[in-house]
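Novice: In order, the protein sequence lines correspond to chains A and B. When we follow this note's numbering, the leftmost residue of the first sequence carries the number 13, and every step to the right adds one. When we follow this note's numbering, the leftmost residue of the second sequence carries the number 13, and every step to the right adds one.
No wet-lab data here; the hints were simulated from the structure. Incorrect hints may appear among the rest.
Remember, identical chains collapse to one label, so a pair may be satisfied in a single copy or spanning two.
[To be verified] Distance condition first, Cα-Cα at most 27 Å in a straight line; then the derived DSS-like pairs of lysine-lysine:
{"no.": "1", "residue 1": "Lys407", "residue 2": "Lys331"}
{"no.": "2", "residue 1": "Lys436", "residue 2": "Lys480"}
{"no.": "3", "residue 1": "Lys443", "residue 2": "Lys253"}
{"no.": "4", "residue 1": "Lys101", "residue 2": "Lys263"}
{"no.": "5", "residue 1": "Lys356", "residue 2": "Lys331"}
{"no.": "6", "residue 1": "Lys480", "residue 2": "Lys253"}
{"no.": "7", "residue 1": "Lys253", "residue 2": "Lys263"}
{"no.": "8", "residue 1": "Lys119", "residue 2": "Lys253"}
Protein chains: 2
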Amino acid sequence: MAFKTDIQIAREAKKKPIQEIGAKLGISSDDLLPYGHDKAKVSQSFINSVQDREDGKLILVTAINPTPAGEGKTTTTVGLGDGLNRIGKNAVVCIREASLGPNFGMKGGAAGGGYSQIVPMEEMNLHFTGDFHAITSAHNLLSAMIDNHIYWGNELDIDTRRVVWRRALDMNDRALRQITASLGGVSNGFPREAGFDITVASEVMAILCLAKDLDDLQERLGQMIVAYRRDRTPVFCRDIKADGAMTVLLKDAMQPNIVQTLENNPAFVHGGPFANIAHGCNSVIATTTALKLADYVVTEAGFGADLGAEKFLNIKCRKAGIAPSAVVLVATVRAMKMNGGVAKADLGREDVAAVNSGCANLGRHIENLKSFGVPVVVAINHFVTDTDAEVQAVKDYVATQGSEAVLSRHWELGSEGSADLATKVVDIIEKGEANFAPIYPDEMSLSDKINTIATKIYRADAAVMDNKILKQLADWEEQGYGNLPVCMAKTQYSFTTDPEMRGAPTGFTIPVREVRLSAGAGFVVAICGEIMTMPGLPRVPSAENIRLNADGDVEGLF
Amino acid sequence: MAFKTDIQIAREAKKKPIQEIGAKLGISSDDLLPYGHDKAKVSQSFINSVQDREDGKLILVTAINPTPAGEGKTTTTVGLGDGLNRIGKNAVVCIREASLGPNFGMKGGAAGGGYSQIVPMEEMNLHFTGDFHAITSAHNLLSAMIDNHIYWGNELDIDTRRVVWRRALDMNDRALRQITASLGGVSNGFPREAGFDITVASEVMAILCLAKDLDDLQERLGQMIVAYRRDRTPVFCRDIKADGAMTVLLKDAMQPNIVQTLENNPAFVHGGPFANIAHGCNSVIATTTALKLADYVVTEAGFGADLGAEKFLNIKCRKAGIAPSAVVLVATVRAMKMNGGVAKADLGREDVAAVNSGCANLGRHIENLKSFGVPVVVAINHFVTDTDAEVQAVKDYVATQGSEAVLSRHWELGSEGSADLATKVVDIIEKGEANFAPIYPDEMSLSDKINTIATKIYRADAAVMDNKILKQLADWEEQGYGNLPVCMAKTQYSFTTDPEMRGAPTGFTIPVREVRLSAGAGFVVAICGEIMTMPGLPRVPSAENIRLNADGDVEGLF
């Protein structure tokens, strides 16, 4: 049996005008700001007008630790959204936007896969509605204003060695990671070391995704620390007076984007912060708006549940005052086998024993998620080579963990394949068992918060922080940042800091190499491994093969 | 009498839905790609569908050398367009897009002024439809691919000291003018000198504005020279294999943007190349599309007629195969007085003698424009302090030059004030006197082309080029670039290279400091003075005062 590729399926999509999609959510044409015929932003005035409505139910889709076998978290998110609509529920999907730069290195990707996708695919991999460009502009305006301030006399007394605000581009460009700027003489300023991050790593991105509204956005932008003086006191964005103009640049970007699934159901695609040095979720404003418009909102978080769901629950839900009614944990038979020690090349062979042994990873995630007080449904994202015995092995294992696993065939069949999953999720939500709470209180010390995540979620013996790091955390507590949540930056492939350690390891520690303060976004980042904030291009970048064909279609991007 | 500001007038505009504006030109909703409710792009398929139609008449609006008094070239362009519509003609205006970066230094500007403006003003000063962001992305993709090529082994044998392709940002950031990139060790590449230009200075911008269609765009992008080898042979963009992906990034940006005047007449606002190192006109595709849709197309070119009109006629018209039926030369009484030696502070006083003496500048421009075989109408853009005697002095002078001057009060009255001008322009066009030809043939040597412009347009004794420059020009001729037109980069304030020399000076030479080859755009740039391709911010950048007010309106941008 030959399968169509994601792009083939996406191109065959019978898209409806975006006004029809908006109408499903009760958004009139006047309140939709169209970008072409298949994308739109929801107007701020409409968002304001629905604030008094009751919220729908929030469903988080997360996954086991990612493996090279692929889990299909976004595919399941989209499939579940379509499934809910199929069984007569009013549901909307909320996911992140894609970053432009990486598409020119490796191939760009679909939002979802198979018959569970969001379209238009090309646009979502290119400029989309310009949100990331707006973030890049706002970020670099601040950068330019900092150097301009220094150039004209440096009244704020910035230590030019301690400018922590870098520049940003949505491009994979390793040559810009570390530069010397302001060369060329007096009229170009004071030479200093500087560098660029990719736009998704910008604190502006994290803020856009956490801000409740434009006022909150400007407030948070103003709070960003951009540099330090010789006496180590911080210089803020508001001291540079850039927060107002940055907010103006971001006013359209703050409005959520609406597109559609292959089955013409509405989807919000908005924001895309890094899932390591930031929290890796779509925007708060998209999620909270969706909750006002639909009975069920299906969203996802970056990486596996140890990183993505933990940040979604401890950072996004805490800060936005939202709570999931259920969590769907995506697993695949293939990934279970890899967790059970099978090599990628051998995944096509039935191996129930390996499935059983790999399930330990799944089990730990179930336990972790339940510790937040939310019911968990496991979605087995079906792959054509899965055998019945393997699927049953996962189901049996999940039952021993006090949860239920549902086989879902949305990739192959769209909502027809995910209706069972949708039904199960609705059942669980209607039982009303959810009683969400973050796993640490605001008042806990920063180091204890880090330790709590390391021991309770990762199951490490401890987080290891040297005196310099502890001193830094204590300093921030003294400066009033002690109430912030922590944002862990760690490999997504393992509960440990070693990406090769699959399954459910024990007997390890989590060394914290560095801590950073994102004072505007509102979290302290604990870096536990190499974090690359500006990727490079591979030897043969995919850009070399990207072009328009004779029909005007984009080739080589997928 | 108190006048409203441009922004007050713009905010009171009764804008019509962009679909209604498109309908005036016969563009259906399906062929308009909306960006919000008041902006749209015209689809490529629609553009293709009208290629067999006859062209309307093209009118170029240009001006005397700019003075601090202001001439109102765009205001007159918009006013004339509205005036033509008022007298029953089907007319459309074509102007350039604004650059984002400079708005955060000095205040942003209206497109036009008073009651002759194009709206939406805020959007046009911010992200608009994202064209410039797309150009920035395409530009920087090529930059990243060049350094990536070097990083992975440099098969093309690029001399890293001779990479001529810089990076681009739409931001005034002097710190990026000259940098050392690829610092930080082996994984970041080979350190080398680099730098950023503002996006409007990118050759990609010039190409977008000269390309006939997407195929032509890709062809030209591929022809750009990005670096040289040790043996001085050029490395092209196509050698880096970036042209296809750049075209994909630019596919939407190539579609012209349609907005409206305050009087709800259609206006194309598309492209915005520098008027010094590039040709300074809106896009060819917007102009040629407009010519298929309207009986009269009113467009303008950057700076005064010596630079803007010369490039419009010798570069854009030549390359696009279009020809103006009439030229409107904008002058003001105040500017005549400044050319006649009056200081700015004294412009409010009647001074007919100064007007008379300043008219020499006007006269030379009339003569120059006629040398291209096009009839000239002088538009006196009325200012409230102008006296009847002063206006009459200009009219009398213009009559002695064999042309006619028409007083136009569009700034104050909109089309009611420009109907006379519109009527006069139509009269002249209907006489059919235009017989356009560029003032030098393709076959002329590059140095002779430079000399022709210097002597025939500027009235210099000669262009002065040293042996190094002459050798460079000869080399390019040998390489097959001899047929290209030249693009002069010179101060806009004078016929000479001295911005203080107003009026109609004689007895000077034009020293050419440097020549550059824009092989993709298709011209040789002759640089005759300081050219800044990355501006800086002033001591108190306007960004410090830009913010959203309580109504959500942008403050401080204007």
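Novice: Does each hint fit the structure? Answer for all of them.
Specialist: Evaluation of the provided hints:
{"no.": "1", "hint": "Lys407 - Lys331", "verdict": "neither (35 Å within a copy, 69 Å between copies)"}
{"no.": "2", "hint": "Lys436 - Lys480", "verdict": "neither (49 Å within a copy, 79 Å between copies)"}
{"no.": "3", "hint": "Lys443 - Lys253", "verdict": "neither (51 Å within a copy, 58 Å between copies)"}
{"no.": "4", "hint": "Lys101 - Lys263", "verdict": "neither (32 Å within a copy, 39 Å between copies)"}
{"no.": "5", "hint": "Lys356 - Lys331", "verdict": "neither (39 Å within a copy, 57 Å between copies)"}
{"no.": "6", "hint": "Lys480 - Lys253", "verdict": "neither (32 Å within a copy, 48 Å between copies)"}
{"no.": "7", "hint": "Lys253 - Lys263", "verdict": "within (17 Å within a copy, 36 Å between copies)"}
{"no.": "8", "hint": "Lys119 - Lys253", "verdict": "between (39 Å within a copy, 16 Å between copies)"}
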